Amino acid sequence: MQLFMTPRSILLVEDSPDDEDLAIRALRRSGVLNEIIVARDGVEALDYLFGTGQHTGRDTQIQPAVVLLDLKLPRVNGIEVLQRLRTDDRTRFLPVVVLTTSNEQRDLLDSYSNGCNSYVRKPVDFIQFSDAVRQLGMYWLLLNEIPSLGR
Amino acid sequence: MDLNQLAKLRELCRDEAAFEHLKQILAATIDSPFVAITQALTQTQQQLERQQALARVISRIRENLDLATIFQISTQEICQLLQADRVAVYRFNPDWSGDFVAEYVMPGWLPLVSPDSQKVWEDTYLQETQGGRYRQQGTFAVANIYQAGLMDCHVALLEQFQAKAFALVPIFMGQKLWGLLAAYQNASFRRWEADEIGLLVQLGEQFGVAIQQSELLDRLQETQRLARIGNWEYDLTSQRLTWSEETYRLLGLDPTQTEPTYTEFLDRIHPDDRPALLTAIQQAIEVGTVYELDLRIIHTDTSIRYLAMKGQPFRNLAGQVTRLFGAMLDITERKQAEIAVQTLNQELSKSVVELTAVNRELEAFSYSVSHDLRAPLRSINGYSQALLEDCWDRLDEAGQCYLQRIRAATERMGELIDDVLILSRITRSDMTFQPVNLSELAQDVLIDLRMANPDRQVDCHIQADVIAWGDSTLLKVLLLNLLDNAWKFTAKQPHARIEFGTTEDDNGKLLYFICDNGTGFDMTYADKLFGAFQRLHSVQEFSGTGIGLATAQRIVHRHGGKIWGESTIDQGATFFFTLEA
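These protein sequence lines map, in sequence, to chains C and Y.
Just add 794 to the spot in the first sequence (first one is 1) and you have our numbering.
Just add 708 to the spot in the second sequence (first one is 1) and you have our numbering.
It is worth saying that the hints were derived from the structure and are not from the lab.
Owing to the predicted nature of the structure, the values given are computational and were not obtained by experimental measurement.
Beta carbons are placed, not taken as given, at the ideal position from N, Cα and C, and that holds for glycine.
Mixed in with the good hints, there may be bad ones.
Partner residues are not named here, just some residues of chain C that face chain Y (Cβ under 7 Å, in silico) [as the list claims (entries may be wrong)]: (1) Asp812; (2) Leu816; (3) Thr895; (4) Ser896.
If you want the footprint, here are the derived chain Y segments under chain C, 3+ residues with CB under 8 Å [to be verified]: (5) 795–803; (6) 1087–1100; (7) 1116–1122.
Label-pair restraints from in silico Cβ distances [said to hold, decoys possible]: (8) Gly825(C) with Ser1076(Y): 33 to 39 Å; (9) Arg880(C) with Ser1076(Y): 24 to 30 Å; (10) Ile856(C) with Ser1076(Y): 34 to 40 Å; (11) Thr846(C) with Thr1181(Y): 41 to 47 Å; (12) Ile856(C) with Ala1065(Y): 23 to 29 Å; (13) Pro1202(Y) with Arg880(C): 55 to 61 Å; (14) Pro801(C) with Leu1070(Y): 45 to 51 Å.
Produce the complete structure using the sequences and hints provided.
Structure representation (structure tokens):
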């Protein structure tokens, strides 16, 4: 266990520029100063996490503290991303919070059965949204701990 | 000994006395047995003739199945044989009166049976004794009607028949006295010989058998006609077809027609069905298999009837199939019903396929709505808030107010989308039926409402342990919507009261109800209560999207029930619902 954690990043997987912008705004306003990496679809997210494609050569020992994952994404959707993360030893325990628009039973079931750590619906009201993001940041960046892999 | 023989003997005898003497000896030694033998011979001859005649009659009876023909032929034969003046068949009615159904009468005598004399004879003796002596198989022969001690009325009746002597024998059909066979002598009195009576008795017995057979045949034909079953037989040696009456009708032919040929029979059958039948018949003949198949018959009016055909081979002692016999049953109605059911099923499957497709589309649509329609609202809301936060110093009060309104509108739009999605989800969701404690559900809902509105004071009455059969998730949504309404519309009451319970309608059917003392609604618009997006109050007055009651109604309908509301303005509202049709 590391005693001194370097501030870890957040991976935001979001295809809507507005939502990306507003999510970052909400995080910053909540005092989250950690690095925020944005992936605009499932492929980009997987490339980042596994050091492939445009992220070839990235040190995959260093992973974000949490992935904020939208479900409806171009190319590879959120559920597929989740499946890939959970079947790979490098990312098995990586905290994934599904942050999405719908509260369809189907989406909740798919997300939980594929091992998401949390499911948060984005409220329409920005003030409520900011509050939700603030709490997420607090929890996943400051309180949550995960096992260190093979070390 | 006849006179010719005596004349020859006289010529041989020259002496008159010798002849006389010879005559006496002959008379004593030869004549008497000779006469007796001659007489016996004559009698035997007569009996033989009668027996032959009877055998003839009986064989003709057996050739015929038609009673009228049998009676006609037999009465004539017997009348002539007995040299009587009339031989008649008398049939009893259920009240033991009776009528003559057939007769043969010698020319010159009054006929008792003719198309214009359908007379019912009422013989009081026979009626009172229900057939009298004849019931015990007795016969009655009278040589002279005036010297037999008959009652006057009986004699008078016989005089009407012009009879001077008569002989009567019973005709039994099985155990039942059916009628009488009567021989009348009109021209003279007559002593009836025992063998003549015997002859009549035998004929009466044959009539009994013939009547019974005819009755059985009638019943068989009647049964076949009612059941629409026909039977048939095909003799392979003679190539002859025998059909019952109903078989003719089933094949669209006239039963009075002569027997058809095998080819004519095949012509009646739908060409598409012929090969199967021919194969079946061939197999029955060659292998001896029983066959069973459905066929279409084309009637002369081109209508098509369906027949179920069964055939069975008959083997002789040598094991060869010599004939086929079988039955056919009209199954047109059944077939038509089957075809109708098939058509319905096909249409139904088509509808199910269409419905499934529509449902899938609807699901895709609502999924897309759930994800995509809310996203732009978040942008509008978020950037309005950003404007308020980042540029507040450049906005006047009106500008700030407008942005607040934009935000409020997006929130309301978000609520509307959510409610529509709930409504659509409720229509599509799978249902699991089980006993559900509605009282507990209502309690949970009210606890939530109290927690959300701690400032409200509402007097709640919930009838304990109201158990319903239904889907617990949907029923919870139902109670949530109804109680939420009651909660909302009692907001302006200083002493708000909400009640949940059950009652019965006039027919004793169980009704669930939720009653409040709130604002109520105008009954004029009662039919609009349950329409989606229908509101009877303004949003400023009471919040809401107008989906709640539409959702409630859909849930009740999915449980096979009904829902309705009753109210007087400002005196509260009561919503009733049932859960099974």
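Hints versus structure:
1. For Asp812(C), the interface hint holds, the least distance from its beta-carbon to any beta-carbon of chain Y being 4 Å, beneath 7 Å.
2. The beta carbon of Leu816(C) is positioned within 7 Å of a beta carbon in chain Y (closest approach about 4 Å), and the interface hint is therefore held.
3. The closest approach between the C-beta of Thr895(C) and any C-beta of chain Y is roughly 5 Å, which is under the 7 Å cut-off, so the hint is satisfied.
4. For the restraint placing Ser896(C) at the interface with chain Y, the shortest Cβ-Cβ distance is roughly 4 Å, inside the 7 Å limit, so the hint holds.
5. Look at the region 795–803 of chain Y against chain C: 0 of its residues bring a Cβ nearer than 8 Å to a Cβ of that chain, fewer than three, so the hint is violated.
6. Counting residues of the region 1087–1100 of chain Y whose CB falls under 8 Å from any CB of chain C gives 7; the rule of at least 3 is met.
7. As drawn, the region 1116–1122 of chain Y meets chain C at 4 residues by the rule of a beta-carbon pair under 8 Å; at three or more, the given contact holds.
8. Our hint of 33 to 39 Å for Gly825(C) and Ser1076(Y) holds, since their Cβ atoms are close to 36 Å apart.
9. Between Arg880(C) and Ser1076(Y) the CB atoms are about 27 Å apart, so this pair conforms to the stated range of 24 to 30 Å.
10. A hinted range of 34 to 40 Å holds for the C-beta pair Ile856(C) and Ser1076(Y), which are about 37 Å apart.
11. Judged by the Cβ atoms, the range 41 to 47 Å given for Thr846(C) and Thr1181(Y) holds: they are separated by roughly 43 Å.
12. Hint check: Ile856(C) to Ala1065(Y), Cβ distance near 49 Å, so the stated range 23 to 29 Å is violated.
13. A hinted range of 55 to 61 Å holds for the C-beta pair Pro1202(Y) and Arg880(C), which are about 57 Å apart.
14. Range check, Pro801(C) to Leu1070(Y): about 47 Å between beta-carbon atoms, so the 45 to 51 Å window is met.
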